[in-house]
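Engineer: Fit chain B to the given chain A structure using the hints.
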Amino acid sequence: MVPFAGFEMPVQFEGLNFEHAAVREGVGIFDISHMGEVRVRGAGVESWLDGLSTNRITGTAPGKVVYTAMCAPGGGVLDDMLIYRLADHDWLVVCNAVNRGKIVDWLAERGRGVAGVAAEDASARTAMIAVQGPESLVLMSRLAALADVRERLTELDFYAALVLPRPEDDWIVSRTGYTGERGYELYIPWRAALPLWEELLAEGDDLGVAPVGLAARDTLRFEMGYSLYGHELSGDWTPLEAGIGWAVRLRNREFVGAEALRAQKRAGVPRRIAGLEVHGAPAGVRSRPAPIARQETPVFAAGKQVGFVTSGTKSPSLNRSLALAMLETGRGEAELEVEVRGKRYPATVTSVPFLAPRVKGDPRAARGQPTP
Amino acid sequence: MTSDDRIYSKEHEWVMIESNIATVGVTEYAATELGDVVFIELPEPGAQVGQGDAVGTIETVKSVEDLYCPLTGEIVEINEAVLDAPELVNESPLDDGWLFKLQFSDHGELDNLLSAADYDAMIGG
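Sequence lines, in order, name chains A and B.
With this note's numbering as the guide, the letters of the first sequence map in order to residues 3 to 374.
With this note's numbering as the guide, the letters of the second sequence map in order to residues 266 to 390.
Keep in mind that the hints are not guaranteed to be accurate.
[As the list claims (entries may be wrong)] Below 30 Å or equal to it, Euclidean Cα-Cα: the simulated BS3-like pairs (lysine-lysine) are:
#, chain 1, residue 1, chain 2, residue 2
1, B, 366, A, 66
2, A, 66, A, 104
3, A, 66, B, 275
4, A, 306, B, 366
5, B, 327, B, 275
6, B, 366, B, 327
7, A, 104, B, 327
8, A, 104, A, 267
9, A, 267, A, 306
10, A, 362, A, 66
11, A, 306, A, 362
12, B, 275, B, 366
[As the list claims (entries may be wrong)] Restraint-style ranges between C-beta atoms, simulated for each label pair:
#, chain 1, residue 1, chain 2, residue 2, range
13, B, 345, A, 331, 34 to 42 Å
14, A, 103, B, 331, 35 to 43 Å
15, B, 383, A, 307, 44 to 52 Å
16, A, 307, B, 275, 37 to 45 Å
17, B, 311, A, 331, 53 to 61 Å
If you're looking for bench data, these hints aren't it; they were derived computationally from the structure.
In this text, a Cβ means the ideal position worked out from N, Cα and C, and glycines have one as well.
So that you can see chain A by itself, here it is in the shape it has in the complex (with noise of 0.2 Å):
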């Protein structure tokens, strides 16, 4: 267990690859309740939240979610996020935990004074269980509490979501994850999350279910190339940078760090994040395994650096070291060299996601990043 955002979090349970091959080939379950909700109602939100989301948020039809960022004036981002739009005037924002106090702070800023906008933070009361892999549907169908919405659950479609009312408060499932697989994100009540949890366990049994961990939920999100907060994701450079451009929609659109973006894009953006993958020794010479290239780690073009590393692992299902990089843009060309422990390493930009997508019309991992 490690401290996380407030939390005490498993790195993992039975361990890393037996819980990432579960995700990839059956089903695995994560206790994410650390992420931060936002429940935002009123008649006023749909402008509202388009003013600041990169995303275009205008126009979402209830029981859709829209993944996109909200960025500072000077176009750093503050936080990737989803948003559903669980009804005509009622929203959800799901934010970072290690964001959440920045998000809500700056939705009541940005909120004071304006008409039909009320925001609450949900985060306390509410639990947040993923169901991940292929398997997850039939996983997800056996839920007793989700009996009466079986077929609902079986047409879901990705980026969509179901809200069932309930006594306590309502229950969200959404097709949504952060994996790359097939998968659900379910949001409860705090007091049901263990009853449901437990449940998981029991009914997926025959399917092998696995919990899975922080350290699996990491590698996941990597070998798709999805980004996260505090390694792709920074106050210190744009969305256009930080490869999820196209989340940023700017034509005929005004949002808080649009001018910005604007101007980058103008200008032309400097450095993208781009994908690398590590070598053990140069091109002809006999092949080792190369060692990981974490996040910080300098990489370098004909001796001069030219980026660094924001991700990096051994992809447990292509058994590569691989990364994620934050690159001057032109670079993809070069001979690139990595320095781990003070000797360098040939490392060659590959394209991402690591992956190939899993799941048909997966926005984050099928547009992929352009390579620099």
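Structural biologist: Frame of chain A, contents of chain B only:
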């Protein structure tokens, strides 16, 4: 139960002594605790090393651990096979997964190492 044909360091290495050559590897306990090893760095043959020096690294997805030298001496051989296949450390920590051999001279340093029983007591086995 830890093998009593060798001695142990507090840093979870085993040392097998044949006259003045010591073969070094990591213990089964350490191999299990580490998890899947993905990369290993070993000292160069010929390197002069001191007892307790960090002479290499063992890397897993979760962490990078220093590899400490249990005795003072000169590295005479390294296990090239574990550089190619780091998973040998997990699969066979006591045999095929050995790491390096060193020639040592100060037999007094052996007193700083542990018997199998003492090592077991240390890891609570």
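Engineer: It remains to establish, for every hint, whether it holds in the given structure.
Structural biologist: Each hint tested on the structure:
Annotation: proposed proximity of residue 366 of chain B to residue 66 of chain A is violated, straight-line Cα distance about 62 Å (limit 30 Å). The suggested pairing of residue 66 of chain A with residue 104 of chain A holds, with an alpha-carbon distance near 25 Å, which does not exceed 30 Å. Straight-line distance between C-alpha atoms of residue 66 of chain A and residue 275 of chain B comes to about 57 Å, which puts the hinted pair past the 30 Å bound. Distance check on the hinted pair: residue 306 of chain A and residue 366 of chain B sit about 38 Å apart at the alpha-carbon level, beyond 30 Å; violated.
For the given pair, residue 327 of chain B sits about 22 Å from residue 275 of chain B by alpha-carbon distance, which is consistent with the 30 Å threshold. Under the criterion of a C-alpha separation no larger than 30 Å, the hint pairing residue 366 of chain B with residue 327 of chain B is consistent with the structure, at around 27 Å. Among the hinted pairs, residue 104 of chain A with residue 327 of chain B is consistent with the structure: their alpha-carbon atoms are about 29 Å apart, no more than 30 Å. Simply put, residue 104 of chain A and residue 267 of chain A have alpha-carbon atoms about 27 Å apart, close enough for the 30 Å limit, and the pair holds.
Our distance criterion of 30 Å between C-alpha atoms is met by residue 267 of chain A and residue 306 of chain A, whose separation comes to about 25 Å. The straight-line distance between the Cα atoms of residue 362 of chain A and residue 66 of chain A is roughly 16 Å, inside the 30 Å bound, and the hint therefore holds. A hinted pair counts as satisfied when its Cα atoms are at most 30 Å apart, and residue 306 of chain A with residue 362 of chain A does not qualify at roughly 40 Å. For the hint pairing residue 275 of chain B with residue 366 of chain B, the CA-to-CA distance comes to about 18 Å; that is within 30 Å, so the pair holds.
Between residue 345 of chain B and residue 331 of chain A the beta carbon distance is about 41 Å. The supplied range of 34 to 42 Å therefore holds. About 37 Å separates the C-beta atoms of residue 103 of chain A and residue 331 of chain B, a value consistent with the hinted range of 35 to 43 Å. Distance hint check for residue 383 of chain B and residue 307 of chain A: the Cβ-Cβ separation is about 48 Å, which falls inside the suggested range of 44 to 52 Å. A hinted range of 37 to 45 Å holds for the C-beta pair residue 307 of chain A and residue 275 of chain B, which are about 39 Å apart.
Between residue 311 of chain B and residue 331 of chain A the CB atoms are about 45 Å apart, so this pair departs from the stated range of 53 to 61 Å.
When the structure is compared with the earlier hints, violations turn up for hints 1, 3, 4, 11, 17 and for no others.
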